[in-house]
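So you can see what is in the structure, the chains are spelled out below.
Number of protein chains: 2
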Amino acid sequence: MGKKIVIIGGVAAGPKAACRVKRLMPDAEVTIVDQDSLISYGGCGIPYYISGDVSDEKELRSTSYHALRDEDFFEKTKGVITLTSTRALSIDRRNKSVLLENLTTGLQNNVSYDVLMLATGSYPITLPIPGSDGDGVFTVSDLHKAISIKERIARGQVSKAVVIGGGAIGIEMAEALTDLWGVETALVEYMNHILPRTISWTLATILEKHLKENNVDVFAGEAAEEIVVVDGKVSAVRTSRRYLDADMVIMAAGVRPQSQLAWDAGLHVAASGAIVVNERMQSSDPDIYAAGDCIEVCHLVSGKRFHAPFGSMANKQGRVAADNMAGIPSTFKGGVGSFILKAFELCVGSTGLSLETALAEGFDADVSLTSPSDRAHFFPTQEIICLEMIFDRRTRKVLGLQGVGPMNDGLSARLDAAAVALCSGASIDDFGNIEMAYSPPFSSAIDGINAAAYVADNLCERRMRQISMESFYSYMDDPASQPDWLVLDVRHVKQAAPLVDHFGKSWWISLPYDEIRDRYEELPTDKTLILFCNAGSRSFEIQVFLDFVGRKNSLVLPGGFNVIRRMGAGWLPAS
Amino acid sequence: MGKKIVIIGGVAAGPKAACRVKRLMPDAEVTIVDQDSLISYGGCGIPYYISGDVSDEKELRSTSYHALRDEDFFEKTKGVITLTSTRALSIDRRNKSVLLENLTTGLQNNVSYDVLMLATGSYPITLPIPGSDGDGVFTVSDLHKAISIKERIARGQVSKAVVIGGGAIGIEMAEALTDLWGVETALVEYMNHILPRTISWTLATILEKHLKENNVDVFAGEAAEEIVVVDGKVSAVRTSRRYLDADMVIMAAGVRPQSQLAWDAGLHVAASGAIVVNERMQSSDPDIYAAGDCIEVCHLVSGKRFHAPFGSMANKQGRVAADNMAGIPSTFKGGVGSFILKAFELCVGSTGLSLETALAEGFDADVSLTSPSDRAHFFPTQEIICLEMIFDRRTRKVLGLQGVGPMNDGLSARLDAAAVALCSGASIDDFGNIEMAYSPPFSSAIDGINAAAYVADNLCERRMRQISMESFYSYMDDPASQPDWLVLDVRHVKQAAPLVDHFGKSWWISLPYDEIRDRYEELPTDKTLILFCNAGSRSFEIQVFLDFVGRKNSLVLPGGFNVIRRMGAGWLPAS
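Taken in order, these protein sequences are the chains called A and B. Under our numbering, the letters of the first sequence match residues 1 to 575, in that order. Under our numbering, the letters of the second sequence match residues 1 to 575, in that order.
The reader is advised that the hints may include incorrect statements.
Identical copies carry no separate label here, and so any pair may be met within one copy or between two of them.
Unchecked claim - Below, simulated DSSO-like cross-link-like pairs (lysine-lysine); rule was C-alpha separation at most 27 Å, straight line:
no. : residue 1 : residue 2
1   : LYS160    : LYS145
2   : LYS397    : LYS333
3   : LYS494    : LYS397
4   : LYS233    : LYS4
5   : LYS76     : LYS160
6   : LYS3      : LYS76
7   : LYS96     : LYS3
8   : LYS3      : LYS160
9   : LYS145    : LYS58
10  : LYS304    : LYS233
11  : LYS160    : LYS233
12  : LYS333    : LYS505
13  : LYS209    : LYS76
14  : LYS3      : LYS552
15  : LYS233    : LYS397
16  : LYS145    : LYS494
17  : LYS76     : LYS527
18  : LYS76     : LYS494
Hints in this document: simulated from the structure, not taken from any laboratory. What you are looking at is a predicted structure, and each value in this text was computed from that prediction instead of being measured.
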């Protein structure tokens, strides 16, 4: 018999490593230990199980050829022993053994190892507010909870729900509850917009509008302060501003690395609670590997370590750990935090840093906001993607890309290409030349990712001066606050007319793009002109021309009406 | 007045460069010269104009905000002069002037330049066969021809068509003719499969089957030898094997760089006919730039120069040329030949080298063929993509990626990420860790691109031994040719049974994946076992196990039945 390998944790990184190492060293004795009775499942699929897109939880723990990944499966097809309903209590590093407890029988025993791997995952944060232990409060952290949630809804016991937390899981759960089940759902996020830090206020506003249009109430900037429990059961959530009735509360306030076992064993654990590993997935004890949601990895843009609890990361890390256990010097160098999300008919995603996180990391960061078509603008299925490219003015490095687009793989294509480029420290110039496979049904001759880089280039070189969408909205909410500003709408007069009529010519004037070279002298010189078009590109051209004729009093509104229409605004005239 | 810039060619690279340079140097005098009356159009959209997806040719030459890009548009909105229906006859490099002829009036005049740019594009190859000048033979090389083709079809004059050339344009045209117009269409390709060199026989077979199912007759391995013309009009195409009736013939036999002007001026022109430029898009005369279909660029995988006539490349090169004209040292380093194609309900694409081109370039190339889901296998909209990753065994570099999948952007996402990675010389290990944004509606926890790299790794390290799909088909066409071979179907007995019944147990045996660890001793040791499953992954696991127990007599059939079902085969039993 070969090496004894014990792996604690049986969801993603653990089973991946177990199967890989067994293939590399078929004579190894490989054991997976998990405190749960259900293992090796696609946790990211839980919202789709609850929505009904996935009809049976067994599908989440089956292979593509419909074999259930239970204990018997691992034994018979992988030659891997699985000890489910078994908790690892402690690690004796000197004697290289783990103390296990069978949760069914209560019996304890020591299991020795040559190599140990921790794939203990993460645990959901439960907010320390009154009522958080009430009946009807759920986290979305394992299949049992998912089954309970679905059963309760299917039994007709849930007519109103509150989701606490506007991150990916919160949004996916809000869709699941609303879309199939018709549960009246409210989403509460204590930061000032949903998906905070990940995407900007601008993109989040588009997403919030879409959620509301799909019957999800969104309350951002409100802390959930209490879960009101009556007779032991959830009846409402009290936020800093209101009461929201609820038969069910989904607590989706984020996750933390599960590292108690590592900590107790004296392994190096970061302040975040994540186990510290090297590129080979070794903890501070070289005989103990760790992978998945319980570790932190290098962020390849910031250079700092970060916690990236994604199933895709876990699988890659599991494979790298297995290679190293078997003597193959594979490495996992880190990631850029790519993320994508379906929200009804929208797709939202990010890779690298957002403007907010880039500024917090000390970059001289700025953003290029554009609104390109996802395929040739003349192709009938084309739709607009709103893209934000984050870059560093000093080094001209691209730092991140975020977007909101229609529900297809078009945003994925841009994010995935960008993620690869970010990993190699690509510059604005590199992004300008990224080669997206081109054909009208798939992309544009000048793809959105290239065009975003072109705009970033123009901003970086101060050929373009812009006003942020946030500043523009502040101004439009109270135009009197900036009496020296004036919007110059360069679109066709027919498009501009309703806004000119609505706001009056002291706030909104029209002079079409194709007439400005002849008529620019009609424009006021004593006001700052905010150049307004559909996408921002005509506005930029006008700015260049006005600068050339000595009128440097303009700012481009990037992304233009394409973005505003998707964000919505109280100040827009009813159409 | 600033620099005088003359640009010859007004379709893609030319207008892009003209507008960019005018923005960078508003005082420059920028003139575009084109022999055609129609300029600045999306040539790649022609098949969609003919199919009717794009209803009016004007859409192909309009902006996203519906402005027609004609002479007046360039003058009024861009400040660029356009001389259409004007041919550049010769370049006088010493005096820095170009001799122009107005094709309407016949008048000639010299125009001086400070900087000249050649964006003369490419011209379609007309095969030197009898009848190629007959009425009804068309190339798809400009808008006038596109309009003529569509008019002729719309008038009901075309009931049968033959497309000569199984490249991208040929396939797109075959779809356009068949899909909307119901023209009986045959596609003739003289190489042994369509999209030769770009994709493999395996992937091309999937595509050919799909075309046939959509009423396009495909005749590969047949040269068109004559276009039969009766009374001046096309009536048929004679190939090396048959007559194909035709009222219309589309000649889509490829394009060549249009470089006569450059050649006559003594500029460096490659053997391919392409103008040689540096990374700044300068020809051998530093005052003459060139960009677009008339040049060749560096292939970032092979390191050799190649001709890449793509509208997306042309636009990037045009921008780089403009930057340099204005003193900004931008560079265009080259490309990897990314390509994507819609064919009815399929999507086909490639980036980097195919196995054939990689071997021709002298690489120690091999291929990993896989058939992953394009999103989580439990997500209801998932479909299979057939992927081929080409790699170099010696250096472990990835050389290319090709695929056929459903008609969505899923293949684009993988190709675009791969293209970026190829540009930086990424290895199999890098591809294994490419970070694809993950969520079940978009991708898998182990994405297809990562899994392809895992298989490549196993092949490279000789942990996996495979038989090519081509060899397998040869064998199945004539099993008696390899009496020592036997297929071991490791799928569920119910899936294997029809094939066991059909072929008999001397050719096809069944032993399910989950029973082999217990029953492997039943397997013959005197034959080579071809391991057969749906995707190849179970087969690989079985090979590892059999090797471990000392039975090294197996070969994995990569991609498995997922690929075969899509290819079709005469030897498959009717289902």
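Please sort LYS160 with LYS145 into within, between, both or neither, judging by C-alpha distance up to 27 Å. within (18 Å within a copy, 62 Å between copies)
Is the C-alpha distance from LYS76 to LYS527 at most 27 Å within one copy, between copies, in both cases, or in neither? Classified as between; 25 Å across copies, 77 Å inside a copy.
Given identical chains, is LYS3 near LYS552, meaning Cα to Cα at most 27 Å, within a copy, between copies, both, or neither? This pair counts as between: shortest inter-copy Cα distance 23 Å, intra-copy 73 Å.
Between the shortest in-copy and the shortest cross-copy C-alpha distance, which are at most 27 Å for LYS160 and LYS233: within, between, both, or neither? within (13 Å within a copy, 72 Å between copies)
Taking 27 Å as the upper bound on the Cα-Cα distance, should LYS209 and LYS76 be classified as within, between, both, or neither? Neither, since 50 Å and 38 Å both go past 27 Å.
27 Å Cα threshold - placement of LYS4 relative to LYS233: For LYS233 and LYS4, neither the intra-copy (48 Å) nor the inter-copy (79 Å) Cα distance is at most 27 Å.
State whether the alpha carbon distance between LYS3 and LYS160 is at most 27 Å within one copy, between copies, both, or neither. neither (53 Å within a copy, 69 Å between copies)
Status of LYS58 relative to LYS145 across identical chains (alpha carbons, at most 27 Å): Classified as within: same-chain Cα gap 14 Å, cross-chain 57 Å, threshold 27 Å.
Can you tell me if LYS3 and LYS76 fall within 27 Å by alpha carbon in one copy, between copies, both or neither? Answer is within: at 20 Å inside a copy they meet the 27 Å cutoff, but 77 Å across does not.
Should LYS304 paired with LYS233 be assigned to within, between, both, or neither, using CA atoms and 27 Å as the limit? Close neither inside one copy (43 Å) nor across copies (71 Å); limit 27 Å.
Using 27 Å as the alpha carbon limit, work out where LYS397 and LYS333 are close: within a copy, between copies, both or neither. both (19 Å within a copy, 18 Å between copies)
Should LYS333 paired with LYS505 be assigned to within, between, both, or neither, using CA atoms and 27 Å as the limit? neither (57 Å within a copy, 49 Å between copies)
Checked against the numbered hints above, the structure violates hints 3, 4, 5, 8, 10, 12, 13, 15, 16; every other hint is satisfied.
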